[in-house]
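Protein chains in written order, with the working numbering: chain A, 1 to 115; chain B, 116 to 229.
None of these hints come from the bench; they were simulated from the model. Errors might be hidden in some of the hints.
Chain B regions said to be covered by chain A (calculated; three or more residues, Cβ under 8 Å) [to be verified]:
#1 131–137
#2 188–202
#3 219–229
Partner residues aside, some chain A positions facing chain B, computed with beta carbon under 8 Å [said to hold, decoys possible]:
#4 Leu19
#5 Arg22
#6 Phe34
#7 Val37
#8 Pro40
#9 Gly41
#10 Gln42
#11 Lys49
#12 Val81
#13 Trp83
#14 Ala86
#15 Phe105
#16 Gly108
#17 Thr109
Straight-line C-alpha distance at most 25 Å; calculated SDA-like pairs for lysine to any residue [stated by the list, open to error]:
#18 A:Lys49 x A:Lys68
#19 B:Lys124 x B:Ser187
#20 B:Lys133 x B:Ser180
#21 B:Lys156 x A:Pro40
#22 B:Lys134 x B:Gln210
#23 B:Lys153 x B:Asn172
#24 B:Lys124 x B:Asp200
#25 A:Lys61 x B:Lys133
#26 B:Lys151 x A:Thr109
#27 B:Lys155 x A:His10
#28 B:Lys124 x A:Leu46
#29 B:Lys124 x A:Arg110
#30 B:Lys151 x A:Pro40
#31 B:Lys155 x A:Ala29
#32 A:Lys49 x B:Ser174
A virtual CB, placed ideally from N, CA and C, is assigned to each residue, including glycine.
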Amino acid sequence: AQSVTQPDIHITVSEGASLELRCNYSYGATPYLFWYVQSPGQGLQLLLKYFSGDTLVQGIKGFEAEFKRSQSSFNLRKPSVHWSDAAEYFCAVGSRPPNTDKLIFGTGTRLQVFP
Amino acid sequence: DTEVTQTPKHLVMGMTNKKSLKCEQHMGHRAMYWYKQKAKKPPELMFVYSYEKLSINESVPSRFSPECPNSSLLNLHLHALQPEDSALYLCASSQEVVGSYGYTFGSGTRLTVV
């Protein structure tokens, strides 16, 4: 069964600093991979997704992620963090057909941004 | 319209009450989902509807009863809930059940059971 691990529960960065959030997955083939962001009390917003092709994926709000098959990773990056980026970030994996009914979410990484 | 709309945003109910959560999307998505999220935890899948038919029930207690009246609407009927059912309930939709599309989430209903 597929699974997702986000090793960092909480990350604190200064505004303007670079950011990398880690995500590792376990799956027998190349899964569908997603990053979502959740502000307090809100729903989840899709930042970006990967399912094939170029392993460097661009998303909204200046985020990007790189799929590395050899490391089973899909880390999220941003070159310069803004205070408004403070939120909870979830990595998620979806199965390829025929087992395609649901996404599995990691436990999340809380990002705190200091001015 | 690129949103999933959930109502109400907040709900307080007693353990003997019956209430319903509503979810609506007009993106033509054919798969809809209910997730439950406790504080500081990831969302947990409850139900999946594909083409208005229930395709997954993640062993959810019968006090939660989903309903999909049409392709745009998804309801979650609540009855005889317990305080531990207090959580953020999220609705999501996707073009198809196939996992490559990702989900569009609503902003959730914050449920408190007293």
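How the hints compare with the structure:
Residue count for the region 131–137 of chain B with a Cβ under 8 Å from a Cβ of chain A: 0. That is fewer than the three needed, and the coverage hint is violated. Figure legend: the region 188–202 of chain B, annotated as covered by chain A; annotation inconsistent (0 residues with Cβ-Cβ distances under 8 Å, at least 3 required). Counting residues of the region 219–229 of chain B whose beta carbon lies closer than 8 Å to any beta carbon of chain A gives 6, which meets the minimum of three for the stated coverage. The beta carbon of A:Leu19 is not positioned within 8 Å of any beta carbon in chain B (closest approach about 20 Å), and the interface hint is therefore violated.
Taking 8 Å as the C-beta contact cut-off toward chain B, the hint placing A:Arg22 at the interface is violated, the least distance being around 15 Å. A distance limit of 8 Å between C-beta atoms decides the matter here; for A:Phe34 the minimum to chain B is near 5 Å, and the interface restraint holds. Violation of the interface hint for A:Val37 is found here, the shortest Cβ-Cβ separation to chain B being roughly 11 Å, above the 8 Å cut-off. The interface hint given for A:Pro40 is violated, since its Cβ lies 10 Å from the closest Cβ of chain B, which is over the 8 Å cut-off.
Using the Cβ-Cβ criterion of 8 Å, the hint placing A:Gly41 at the interface with chain B is satisfied: the shortest such distance is roughly 7 Å. The interface hint given for A:Gln42 holds, since its Cβ lies 5 Å from the closest Cβ of chain B, which is under the 8 Å cut-off. With a least beta-carbon distance of about 5 Å to chain B, the hint placing A:Lys49 at the interface is held under the 8 Å criterion. Taking 8 Å as the C-beta contact cut-off toward chain B, the hint placing A:Val81 at the interface is violated, the least distance being around 21 Å.
Contact between A:Trp83 and chain B, as hinted, is not supported at the beta carbon level, the nearest pair being about 21 Å apart and thus beyond 8 Å. For A:Ala86, the suggested interface contact is broken, since its CB lies about 15 Å from the closest CB of chain B, more than 8 Å. With a least beta-carbon distance of about 4 Å to chain B, the hint placing A:Phe105 at the interface is held under the 8 Å criterion. Annotation: interface hint on A:Gly108 holds; nearest CB of chain B at approximately 6 Å, less than 8 Å.
The beta carbon of A:Thr109 is not positioned within 8 Å of any beta carbon in chain B (closest approach about 11 Å), and the interface hint is therefore violated. With a C-alpha separation of about 14 Å, the suggested pairing of A:Lys49 with A:Lys68 holds against the 25 Å cut-off. A hinted pair counts as satisfied when its Cα atoms are at most 25 Å apart, and B:Lys124 with B:Ser187 qualifies at roughly 19 Å. Taking the CA atoms of B:Lys133 and B:Ser180, the gap is about 11 Å. The hint holds against a cut of 25 Å.
Restraint check for B:Lys156 and A:Pro40: the C-alpha separation of about 12 Å stays at or below 25 Å, so the hint holds. With a C-alpha separation of about 28 Å, the suggested pair B:Lys134 and B:Gln210 falls outside the 25 Å cut-off, and the hint is violated. Annotation: proposed proximity of B:Lys153 to B:Asn172 holds, straight-line Cα distance about 19 Å (limit 25 Å). The straight-line distance between the Cα atoms of B:Lys124 and B:Asp200 is roughly 16 Å, inside the 25 Å bound, and the hint therefore holds.
Our distance criterion of 25 Å between C-alpha atoms is broken by A:Lys61 and B:Lys133, whose separation comes to about 41 Å. Distance restraint check for B:Lys151 and A:Thr109: the Cα-Cα separation of roughly 18 Å lies within the 25 Å cut-off, and the hinted pair is therefore satisfied. Of the pairs offered as hints, the one joining B:Lys155 and A:His10 holds, with about 11 Å between alpha carbons and a cut-off of 25 Å not exceeded. At roughly 21 Å between alpha-carbon atoms, B:Lys124 and A:Leu46 fall within 25 Å of each other, so this suggested pair holds.
Taking the CA atoms of B:Lys124 and A:Arg110, the gap is near 23 Å; set against the 25 Å cutoff, the hint holds. A threshold of 25 Å between alpha carbons decides the hint, and for B:Lys151 with A:Pro40 the separation of about 15 Å falls inside it, so the pair holds. About 30 Å separates the Cα atoms of B:Lys155 and A:Ala29, which puts this hinted pair outside 25 Å; it is violated. Proximity of A:Lys49 to B:Ser174 is assessed by CA-CA distance (about 29 Å); at most 25 Å being required, the pair is judged violated.
When the structure is compared with the earlier hints, violations turn up for hints 1, 2, 4, 5, 7, 8, 12, 13, 14, 17, 22, 25, 31 and 32 and for no others.
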